[in-house]
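Could you slot chain B onto chain A? The hints should help.
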Amino acid sequence: MGLAHVCANRLRAYPPSLLCACILAALMLAPAAGAQPASHPTEYQVEAAYLFNFGKFVTWPPDVSSKRKSFDLCVLGPDPFGPVLVQTVSGETLNGQPVITKHIASAAESAGCAIVFISSSEGRRLNVLLPALAKQHILTVSDIPHFVDRGGEIGFVVEGGHVHFEVNQSAAEEAGLSLSSELLKVAITVRKANPKGGR
Amino acid sequence: MQPQPEDQSLKKLSLEQLGSIEVTSVSKEPETLWTTAAAVYVLTADEIRRSGVTSVVDALRLVPGVNLGRDNANSYSVGVRGFENIFSKGLLVLIDGRSVYTTLFAGVYWDVTSIPLEEIDRIEVIRGPGGTVWGANAVNGVINIITRNSQETKGGYVSVGGGNVDQGRAAAAYSGTRGNLSARLYGQWFTTGPEFHFASGTVNNFDDWWTGRTGFRSDWNPNVRDSVMLEGGLFSERSGEETPIATFDPLGSIDDIFRDRVSGSDILLRWKRTLSETSDIQVQTYFDRVDRDRPQIGEKRATFDIDLVHHFALATRNNVIWGAGVRVIPDSITSHFPGSVDFFPPQRTDALYSGFVQDEIKLIPDTLSFTAGIKLEHNDYSGFEFQPNARILYRPARHQSFWAAVTRAVRTPSRLDSDVNVAALIASPVFLRIIGQPNFQSETLLDFEGGYRQLFKKSVYLDVAVFHNKSGDLQNITGPIVVAENSPGLPHIALDFPFVNGAAGTTDGVEISPSWDITPWLQLKGAYSYLTLDIHSTVGAVGDSVATNFSHSGPHHTLFVAPRIKLSKAVDLDPTYHYQSAVAFDQNFPVPAYHTLDLRLGWNVMKNVEFSVVGQNLLQPHHIESSAKPQVGIRRGAFAKLVWTR
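These protein sequences, in sequence, are chains A and B.
Our numbering puts the first residue of the first sequence at 1045, with every later residue one more than the last.
Our numbering puts the first residue of the second sequence at 864, with every later residue one more than the last.
With the rest of the complex left out, here is chain A (with noise of 0.2 Å):
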C-alpha cells in the first residue's frame, strides 16, 4: 500500500526511470510471504542418491559382477557432483563389494566401471561413448536431454522441482543388464522396443 502510493507519487515528477524500480520493488515483496527456504537439496544431491540406489536394483551378468572387486561408480566428463557423490557412498556396499568413485575421460578408461555417469558436458560424443560403454555392461546414466531417446539407458529429468527419470530397457538388455521391475515402475517412461535400431 504504502509503497504503491510512493510510486505512484514519484512516477508523476520522474516517469520512466522510477516506474521500473518501483514495479521491480513490489514484484520483490509481493511472493515474499511465500518465499521458501534454502534447505532443499540440489538436484545434483537428489541423483547422487539415485545413483547409488540404482546400483541394488540392476542385475550384472554373473560374470561381470563376480569378478568385481569393488562397486565402481564413475563419473565421465566434468564432474557436476562436487563432493555430494563421495559423501553419499562413503563406507556404503553393494553385494559385499565396498562402493567407490572414479573420474574418467573417455570410454577407454572404463573398464570396472558398474555404472558411469555422463557429464552434459559429453552430449556430443555420446553415439561414440554409449556402444564401447554397452559393449562392457555398464549402467549409463546422465541428465543429458533426451538421454534415453539417444540410446542412454537411464536420464535424469527435472520437472517442476523434481528429479524423475526415464528408462531405455531395450539398450539395457542390449549391455546384458536387467533392471528391476520397481525401477521399471517408478521411471515416469520407459522404451522398451529401440525404434533406433541397435543404437
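Read the hints as simulated data drawn from the structure, not as lab findings.
Because the structure is a prediction, the values reported are computed rather than measured.
Among these hints, one or two may not hold up.
List of simulated lysine-lysine pairs, DSSO-like, C-alpha gap at most 27 Å [stated by the list, open to error]:
id	chain 1	residue 1	chain 2	residue 2
1	A	K1100	A	K1146
2	A	K1146	B	K1321
3	B	K1017	A	K1236
4	B	K1135	B	K1225
5	B	K1492	B	K1321
6	A	K1229	B	K875
7	A	K1113	B	K1135
8	B	K874	A	K1100
9	A	K1236	A	K1146
10	B	K1017	B	K1432
11	B	K1225	A	K1146
12	B	K875	A	K1146
13	B	K1432	A	K1229
14	A	K1146	B	K874
15	A	K1179	A	K1111
16	B	K875	A	K1100
For chain B alone, coordinates are given in the frame of chain A:
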C-alpha cells in the same frame, strides 16, 4: 565444503521417495562457456520464451553487448560493439551453419531470420571477431542461430497470437520418427502493422509487412558413426519501404513508397562422421536463393557453398581443427531508375576460397590451454586475406576461468563498396553521387580482448569482458569531383564522392553480465556495457562527417535488467528492462537515450497449453530507435499468444 548429512539421509530413501523430494536447481551455465576463450553468450530457448519477444531478431536484444534498433516495423539496425546501422555490417549471421550475410552490402537482411521461435534450440553470440574458425566478415561478431534437432522433438505444436503492433502470428510444426530417421515440418505466417509515423496521412504508414515461411529439418543416424542432417525452407514476404529517388527528367527527387516483394528458398545437407572419441570429420553443403524487389533495384542472388571440417587430437596435448571451403555467388541486379541507383556490372559471379587451421595446446590439462590459428581466404575483390588469432584460457577451478585473445579480422569488400552508383538530389540541377570503387580494400580490425567468468556459491554467475580494438581502412568518401552531364535525362551537374578506405580509429569497452538464481522462483539476469568509439577520417575534412557517424554508432551505456519470477507453479511474471544512451549513426537524425520495459505474464493453463500476454515498450507511447530515414516511433504494444504442444 562441509560434509552434508543430507547426502547420507537421501540415499536411504526409496526411488519413489527420491522422486518426491523438492530440489533447488543449480545454475547451469553450459560447460563450453568455461572453456571458450571468447566473449560468448548462449541464449537458450527458455530465455527467449520467457522474454516474450516475437521474433528471432528481437531476441538478440537479450544478449549482453548487442545493440538493436528497429528502423521501422520491418527493418532492423544491429550492432555489436558499435557500428550499429541499417547495414549491420561486419556481423556474420548463420542459421544452422548457413550464412545469411549478403555480399550485396556486407550486412544482413534480417527478414531472412524469420523462423518460428519454437524451432530455435539456442542462439550463440560471439562479441568481437570470431576469428579463424568462422572466417571473413566475422569482424564485430558472430550470431549463430541453431534449430532443434528433430530427434529431440516429439509430436508437434500450434501457436497463435495477436496484438496491436504484432497483429497476427501463427506457427505450427509436426515431427515424426521412423527407426533412426526423424523429420519435422513447420510453417509460420505473421503480419506486423506500421509503427508510429510523425508525418500525418495514411500514405506514410508504409512499413507494415507480412511474411510466411515453411521448412523442414530431418536428422538421420544410420549407424553409430554417422549423422546426417538435411533441412530446407521456402519464404515469401511483402514489406513496405519509403525512399527518396533522384530523377533526371524532370530534374528532382520523388518519395517512392514501395511494397518490397521478397521470396527465397534454401537447402542444407550436413554429414558428420565420428572417427574416434577424439576425432571427427564434417562435410556441409548448401544452396540459398533470394529474389528481392526493392524501390531502387531488383536483386536475384544465389549462393552455393561446400565446406569440410576435420578435427582430431594430436599426441595427447593438441586438439587440431582444420577446414576448407568454396563459395560461389552469382547475382543479377536490375535498376528500376537508371542513373539513380545502378550496379556496374549488373551481373556478377563471385567466388570465395578459404582454408583454416587451428591448434589448441593443453599446457596443463583442464587448467591452462593456448590456441593459435590462421585463416587464409581468397575473394574476387581484395585477393588474399589472412586472419590469425591467438588465445589463452586459464581455468583454475571448475567454475572460474580467465581468457585473453589477440585477433586480426577483415571485412571483405561488397558489391556496394565496389560497384554502386547512387545519386541524391542536392538542389536542382545539382546531384550528389556516391561511386563504388573496384579497388576498394578490406576493412581491418586488430582486436585485443580478455575476460573472466565465475560462478559463486552455485547461484551467482558473473561474466566480464573488456576489449580494445584498432579499426583501419573503414569505408569513407573522398572528392568531390564535379561532373557536368547531358544524360541520363536532362543536363545536370553531379558531385561525385568515390568510396575510399578512409577512416580509422579505436573502440574500447567493457561488458558485465551477471545472473543470480536468488530462490527457486526468482532469477535475476542483467547486463551493463560501456562502449566508446573514436574514429577519424584519414582522407581529410571531406570524410569527417562519415567518421563522426562511426564514432556515434554505439551507445556509451547500455543497461539490461530482467527478473524472472515464478508466481506459482503455473504462472510466470517476466519483466525486461532496457536502457540505452544516445546514438546517432546519422548526425542529422540522432536517436535520444531511451528506456523500454516489456512485461510478460505466462500461464500454463494445462500441461500442454500455455497462454501468455506481453506488454511491449510500456514506458512511452512510442520512441525512436534508429537513425534510418524516415525515422519512426516504435510503438507501445500488447501481444497475446496461445501455444498448444503435443
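Identify every previously stated hint that the structure contradicts and give their numbers, smallest first.
5, 7, 9
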